[in-house]
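Residue numbers (our numbering), protein chains in the order written: chain A, 1 to 255; chain B, 256 to 644; chain C, 645 to 878.
By construction, these hints were calculated from the structure, which means they are not laboratory data. Ideal Cβ positions, reconstructed from N, Cα and C, are used throughout, including at glycine. Any given hint could be a false lead.
As the list claims (entries may be wrong) - Some chain A residues well away from chain C (every beta-carbon gap over 10 Å; in silico):
#1 88
#2 89
#3 94
#4 137
#5 144
#6 205
#7 210
What the hints assert, rightly or not - Chain C is faced by these chain B residues, among others (derived, beta-carbon under 7 Å):
#8 318
#9 319
#10 351
#11 590
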Amino acid sequence: MIAPGLAFLGDFGEAIKFIFQERESVSGGVQIGGIPELAGFTATHMYVSLAALAIAALLAIPLALWLGHLGRGDFIATATSNVGRAVPSLALLAFFISFVGLGYTNVIFVLVLLAIPPLITNTYVGVRQVDRDTVDAARGQGLTGMEIVRKIELPLALPSIFAGMRTSAVNVVATATIAPLANVQTLGEPIITPQTYGFVGQLGASILVAVITLLVDFLFARLQRAVTPEGVKLARPAKARRRFSFPTKRSPKQA
Amino acid sequence: MGDQSDRSTAEPLEFREVTKRYPGASKPAVDKLSLEVPAGEICVLVGPSGCGKTTAMRMVNRMNEITSGDILLGGRSVKDRKPAELRREIGYVIQHIGLFPHWTIAENIATVPKLQGWDKARIAARVEELLDLIGLPADTSSRYPSQLSGGQRQRVGVARALACDPPVMLMDEPFGAIDPINRERLQNEFLRLQAELRKTIVFVTHDIDEAIKMGDRIAILQEGGKLAQYAPPAELLMYPASRFVEDFVGSDRALKRLALQRVRDIDLWKAAAIRVGTPVTEARAELEDADVPYGMLVDENGRPKGWLSDRAMTGERVTDDVRSPAHPIVELDDVLRDALADLLSSETRYGAVVDKNGSLAGVLSLEVIQHFLHAAPAASPTGADLISE
Amino acid sequence: MIGLPIAQLQIEKPGGADDCVSSNGFCPEWIAENIDRYWTPLLEHVYLTVAPVAIGFAISLALASMAHRRRWLTGPVIAISGIFFAIPSVAAFFLLQPLTGLGYTTAMVALVSYTLLIIFRNITDGLRNVPAETRDAALGQGLTERQVLYRVEFPMAVPEIMAGLRIATSTTVGLAALAVFAGAGGLGAEILVDKRFKSNVVVAGGLAVLLAAAFDLMILGAQRAMTPWRRSRA
């Protein structure tokens with residue numbers, strides 16, 4: 001019982017040392033590990049993730065907003081979410097690697113494709129969930145379509161949009177881990193080159209990936225909360241806290 | 256219809272100093288409620304929002320637990336049995352019905368019989384019987400709640416509550432979610448059903464008019480769950496026990512009393528029914544006898560044609576000189592309130608009352624009605640009495 | 645314990661040495677000849693999808709039944725499974741290795757954790773969406789709490805539960821492709837055998853997508869079969 005326990009700590013201990021300390025690679029001859037190298041990987045990781053997320057958001061959100069406003073996108077919303085879930089990220093990446101090649105553009109393209117479905121679905125649903133009576137009243141008071149989207153549907157749909165961004169962000173950051181398969185050196189690099197980095201390296205990188213993804217998730221959860229209009233927060237306390245959020249001191253009572 | 260009318264399975268219900276206090280609340284929701292519901296009668300709990308009427312009803316089947324006091328069902332405390340067991344012997348009808356959408360109508364109605372272990376044949380027979388009782392076609396049993404209208408669902412809710420022939424039924428605003436037209440129909444049908452089945456019923460409503468129509472006895476509750484008055488409807492209308500009851504019943508309680516009465520039940524004025532060609536002396540003699548100074552011209556069958564003018568009585572025999580038509584014509588069977596409405600909308604002082612054949616039976620006027628309202632009634636009528644005639 | 649689950653990143657072209665293959669085109673003949681090699685990975689992938697979903701479903705059902713009575717449980721369960729959910733599968737496959745070694749156990753543990761959040765939340769939502777008056781009517785007629793849960797609330801929650809199963813299954817098909825990093829097989833391993841070779845990628849990837857679609861339709865069909873009352877609307 002004790003031996004595996006220690007070994008468990010041992011591996012993790014080693015992995016954490018790997019993160020902070022340089023050492024010699026398994027195959028010899030190269031220095032690996034330590035903050036500078038890992039910081040570089042992390043930077044690349046965040047860069048592709050952010051770029052992909054931003055592009056996907058710019059593409060998907062306006063489109064879904066408009067479709068939601070018109071009420072015409074039911075099929076698209078469900079289809080994209082179904083397809084998006086069904087396609088394994090690895091398959092998609094490999095597909096592009098084999099058909100298009102290696103490199104940054106390729107990877108970002110794949111990540112954008114993966115980020116789009118949750119954004120479309122959540123934005124669309126968020127807009128559809130805005131009370132039709134509210135929109136009707138607005139139209140009756142003379143607001144144009146664009147104004148309704150900007151002033152009413154968008155603010156009220158923001159929590160849902162940010163929920164979608166949260167899902168997408170987590171997906172993108174997670175998938176960026178296997179980007180090294182296309183020669184983009186994110187934090188997945190140590191993971192797919194064990195001949196250089198060894199299991200310790202793989203484990204260390206995994207720890208970093210996990211921590212960073214959790215941080216991104218937490219960050220977006222906070223953003224989602226911050227973006228919920230006061231009135232909506234008061235009206236639907238249970239729903240706004242539905243997704244995972246760290247229990248705060250003011251622990252919410254589930255409805 | 257069916258064998259229920261022979262054996263009455265109803266039991267009396269008693270609230271004994273029943274109190275419900277919620278933790279942390281300064282005032283009780285129900286405060287020492289005591290009343291007795293005789294077997295086979297409808298007791299209506301009525302009052303403004305927050306008066307505790309629903310809370311009180313839900314203590315009978317322990318959906319709310321009693322803080323202090325007791326409720327006796329047929330002499331036996333409801334705390335005696337396990338809640339689930341108790342509830343299987345009490346019919347429960349709520350406003351939004353709560354049919355199970357994933358079960359057919361037959362399965363819904365059979366909920367409690369299945370729990371009690373009835374065999375399939377017995378259940379099927381009972382379902383058929385009940386559908387007939389509530390007036391729905393037999394093929395309804397294989398349909399789903401989503402395929403029925405609101406009124407139909409409400410009837411199924413009643414059938415479901417009756418499935419095991421419970422001694423007591425609880426009904427919480429059962430017709431509240433129905434539109435007014437269908438609500439009246441359902442109320443009437445339910446009263447007819449009750450006339451047959453004679454269950455002990457606790458009926459909750461916020462509508463005083465519904466209370467007056469449905470109740471054999473009415474319990475008016477005040478905020479804080481206090482009993483303000485417990486009496487049959489006519490007594491409530493005539494002798495409200497407090498200012499609160501007076502206000503709640505409404506300043507038109509006199510009119511509400513009229514809604515419970517038929518024209519035939521009150522003392523009408525007598526009018527002289529005079530045919531054309533009657534000797535004037537005879538006619539005058541009859542007029543002396545009558546309560547109304549004018550004679551009514553009638554045909555051979557006694558049907559009123561119009562009020563006679565003075566000129567008609569000047570000669571030897573009565574002519575058909577009529578000063579005004581016989582409107583409004585009111586029937587003996589009319590509800591008094593409607594008759595009053597007719598009287599008010601025409602410009603005459605007197606309304607001619609006719610029987611089923613159309614012959615003059617008396618005269619109705621505002622004074623007649625006023626006289627009735629001031630006299631004590633011989634018997635207390637209820638809404639059910641009106642229906643069963 | 646050094647894990648080397650990934651094959652070399654070389655361009656391997658097993659079987660057939662014709663022009664199509666060497667120029668890395670899309671080669672139907674090659675596919676036809678070599679279709680057999682995808683059979684085992686496909687079966688492995690099916691196993692890697694069905695088993696975690698089934699186990700996750702069983703666990704979620706148990707947790708949801710408990711949390712239904714004790715509402716306070718819901719928060720912690722969602723929070724904990726939320727943490728699992730946010731950790732990328734690849735990382736999870738490695739983080740578990742010191743504990744569970746290389747191979748299917750690791751893959752299973754990780755994949756089951758992912759299904760937990762989805763399915764648990766859907767079951768809980770489905771149960772919560774049962775209208776209050778239906779519950780009231782059920783209790784009022786004398787069903788015990790347990791009977792209400794099993795005879796009324798769960799059946800009524802079937803659509804939501806099935807939706808959760810569909811999402812979980814699709815997601816798991818995708819994640820199972822990465823199970824190769826945990827030392828398990830599956831279509832992902834097949835993809836990585838030669839990630840540059842178009843035919844290979846298309847077949848392996850395509851099979852995964854088809855698998856997800858097939859599962860989706862099956863569960864949808866099961867849902868339709870289980871909810872006859874939804875087909876008939878007034």
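Evaluated hints:
no.: 1; hint: 88; result: violated, 4 Å
no.: 2; hint: 89; result: violated, 6 Å
no.: 3; hint: 94; result: violated, 4 Å
no.: 4; hint: 137; result: holds, 28 Å
no.: 5; hint: 144; result: holds, 36 Å
no.: 6; hint: 205; result: violated, 8 Å
no.: 7; hint: 210; result: violated, 4 Å
no.: 8; hint: 318; result: holds, 6 Å
no.: 9; hint: 319; result: violated, 11 Å
no.: 10; hint: 351; result: holds, 4 Å
no.: 11; hint: 590; result: violated, 35 Å
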